[in-house]
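S.K.: Here is how the chains run, residue by residue.
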Amino acid sequence: MSADVREIPLSTTGERQAVVGNVGAVPGQDWVIVTRGITRDYDMGGEVVRALRGVDLAVRRNEYVAIMGPSGSGKSTLMNLVGCLDTPTSGEYWLNGSLVSDMKDDALARVRNREIGFVFQTFNLLPRATALHNVELPLVYAGVGSAERKKRAVEALERVQLADRMDHRPNELSGGQRQRVAIARALVNRPAILLADEPTGNLDSGTSEEIMRVFEELADAGQTVIMVTHESDIAAHARRIVVLRDGRISSDERREKFVQKLET
Amino acid sequence: MPLVEAIRLALAQIRVQKLKSFFTLLGVTIGVMFLIAVVSIVQGMSNYVTTAVAGKFLGVNTATLRKFPNFQTGNVTDAQWHLWMRRPPITIADAYAVRDALPAGAGWAIDDEKWVNAESKYTNGGPQLLAHATTPQLFKIKSLVVTQGRVFNEEEEQLGLPVAVIGVETQQYYFPGVDPIGREIKVGGLPFRVIGILEKQGTLFGQPLDRVIYAPFNSPMQRFTGARINLAGVIVQAPSPAAMTDVQETVTELMRQRHKLHPAQDNDFVVETSASALSAWDKIRGYLVGAGIFLPAIGLVVGGIVIMNIMLVAVAERTREIGIRKSLGARRRDVMAQFLAEATTLSILGAAFGIGLGFGLSKLLSSAFNLPSGVAPWSIVVALGLGGGVGIAAGIYPASRASRLDPIVALRAE
Ligand SMILES: Nc1ncnc2c1ncn2[C@@H]1O[C@H](COP(=O)(O)OP(=O)(O)OP(=O)(O)O)[C@@H](O)[C@H]1O
Ligand SMILES: [Mg+2]
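Protein sequences appear in the order of chains A and B.
With the first letter of the first sequence counted as 1, position 186 gets the number 186 in this note's numbering; the numbers rise by one all the way through.
With the first letter of the second sequence counted as 1, position 158 gets the number 158 in this note's numbering; the numbers rise by one all the way through.
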């Protein structure tokens, strides 16, 4: 595997415990994500589903984290909270130094636009728009002028080796290509974090490797990446693996340790 | 999201759903079409009435001194009528006093008129004629021209010669197949020699303007028109539109003096202008425009409801798209703007088609029923404004529904 070409300094358990434990304090600049005891309850008509039961997660800039765990353990719920698509029922969430758990609708939209790049399992491209236009979308909402928009969208498509497909619509692209368009779209606003919820879930293994190579290049270039996956060989591309169980983090360790455990 | 972006998106959306968009537009298009058609016809009639009344009937820049108004707006009560009847008459002396008081350059004419019976050797009777006993200046003031012969002159007026200028219908009824010039027509048993035939005037409010006979004021015609009892009208013409009020005031002041009115007393005469005459038409036009607004309004309301429903369907169908946009940073107002722009663009497009069709329809109607029609520029502005308004009104609820969607729920749609 090419993942060990360059070592990115990972946060240590002690550092993470320190920053997470300091409730109410603004995390240091290095910490892109800090959640302190976040919970998320779903009210299902009387019955409350507790999808997250207090998650303490700290991610330092440039880390590449995989989140694993059984189905229903709360991975997507956590990703949605981290991606500001949702707000926690309780607890604090600090993104890049701001307390986003207190923010309202439009402020969250702004954060999603500026700080977050989201890659979905089902790609979520606009079917009638070309690859280029799909990639331009976040810039439209950022208020970037059309010439600059096009330039940056083309650059983003070049990063995922799809510049030659920019006039194609999603249905004229393969699954892997669609996901690369989605990655380009996620990157176009130069977000603080790239979030991916099962980005290879809809792809065959060859194509999955292709997507993982893109992620790795991005991580090598300094992009903070968090991805959810069910597959350990996909997770093994990340440098740090967080495992969720019943809405809580059950383990959080370096890849080496994770791989080692898998092999034994 | 900037407005241009929203409109561009809306147009793209309309382009992909041509057929659906077409039906969506229909209500607004039909509403606006009728609006434009009605307004154009009313405008055409209005232009016609204005030029006809001002030009043919009253003359340009003229005011007419009368005992009571000739053009009434609405019904006159018995009491009012009674009061008018008791007013002092407009006398011949009044008419000459008015002439002498006018500033240089102003025009003046006596125009006394009454429906009379006439007879000629060439036919067994005919309809009543509107007889005018007038001073010769009248022809100039009213731009009345002859197609044959001539009008009478100052000399004939001074001598009170029984000469006559007749309208084309008078000619048709009383001189069938003969050239009337130099021949006699009798009014009240007295012969008048025809010296001129007026250009065809047509009708005004259904009244024939060509069933007329004009004779010098000093001729015996004044007996038949009853000039000594009361003059139907003394016409004054200002040298320019700006001088109108001046001339009106001069006449008013003079008449108040002659009638010895105290400052507190109201005028016991009227100085009518084409403007006051036109207020009657304005009222009629008000009703027409009212009807012309009411019918299209129904179309617009129906159109609005259709657009609202289509937009609600669009929001439901495109929930996923909304989710995607929100996940990428679209704020409520961005989503709102997108759907509002779509509804409004649809509606304005519908209005634009309606404007085109409306002008077509008014042209068609006007040529089919020989009605005048004219373009009222304001109606285009109003139609576009209404189109936009309907779009916004119809779009606001669906757009706000779209903008309120939860991004996660929306992303999970389909
Ligand atoms: N909108 C919702 N309403 C009600 N319950 C929900 C909702 N979303 C998630 N849940 C519940 O919350 C729990 C966590 O769901 P979540 O989707 O986060 O799990 P996951 O780890 O992503 O699972 P998977 O691996 O199957 O994607 C589950 O019990 C799920 O049923
Ligand atoms: Mg999930």
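Quick caveat, the hints were computed from the structure, so don't treat them as lab data.
Hints may be right or wrong, so weigh each one.
Calculated pairs, EDC-like style, for lysine to aspartate or glutamate (alpha carbon to alpha carbon, straight line, at most 20 angstroms) [said to hold, decoys possible]:
| hint | chain 1 | residue 1 | chain 2 | residue 2 |
| --- | --- | --- | --- | --- |
| 1 | A | Lys151 | A | Asp164 |
| 2 | A | Lys151 | B | Glu169 |
| 3 | A | Lys104 | A | Glu92 |
| 4 | B | Lys200 | B | Glu169 |
| 5 | A | Lys104 | B | Glu169 |
| 6 | A | Lys261 | A | Asp233 |
| 7 | B | Lys140 | B | Glu119 |
| 8 | A | Lys150 | B | Glu5 |
| 9 | A | Lys150 | A | Asp167 |
S.K.: Hint by hint, say whether it matches the structure.
M.R.: Taking the hints in turn, this is what the structure says about them:
1. Proximity of Lys151/A to Asp164/A is assessed by CA-CA distance (about 14 angstroms); at most 20 angstroms being required, the pair is judged to hold.
2. About 81 angstroms separates the Cα atoms of Lys151/A and Glu169/B, which puts this hinted pair outside 20 angstroms; it is violated.
3. The suggested pairing of Lys104/A with Glu92/A holds, with an alpha-carbon distance near 14 angstroms, which does not exceed 20 angstroms.
4. Distance hint between Lys200/B and Glu169/B is fulfilled; the C-alpha atoms sit about 8 angstroms from each other, no more than 20 angstroms.
5. Between Lys104/A and Glu169/B the alpha-carbon distance is near 83 angstroms, which puts this suggested pair outside the 20 angstroms criterion.
6. Of the supplied pair hints, the one linking Lys261/A and Asp233/A holds, its CA atoms being roughly 13 angstroms apart against a limit of 20 angstroms.
7. For the hint pairing Lys140/B with Glu119/B, the CA-to-CA distance comes to about 28 angstroms; that exceeds 20 angstroms, so the pair is violated.
8. Taken as a hint, the Lys150/A and Glu5/B pair is honoured in the structure, with Cα atoms around 14 angstroms apart against an allowance of 20 angstroms.
9. Taken as a hint, the Lys150/A and Asp167/A pair is honoured in the structure, with Cα atoms around 12 angstroms apart against an allowance of 20 angstroms.
Against the hints set out earlier in the document, violations occur for numbers 2, 5 and 7.
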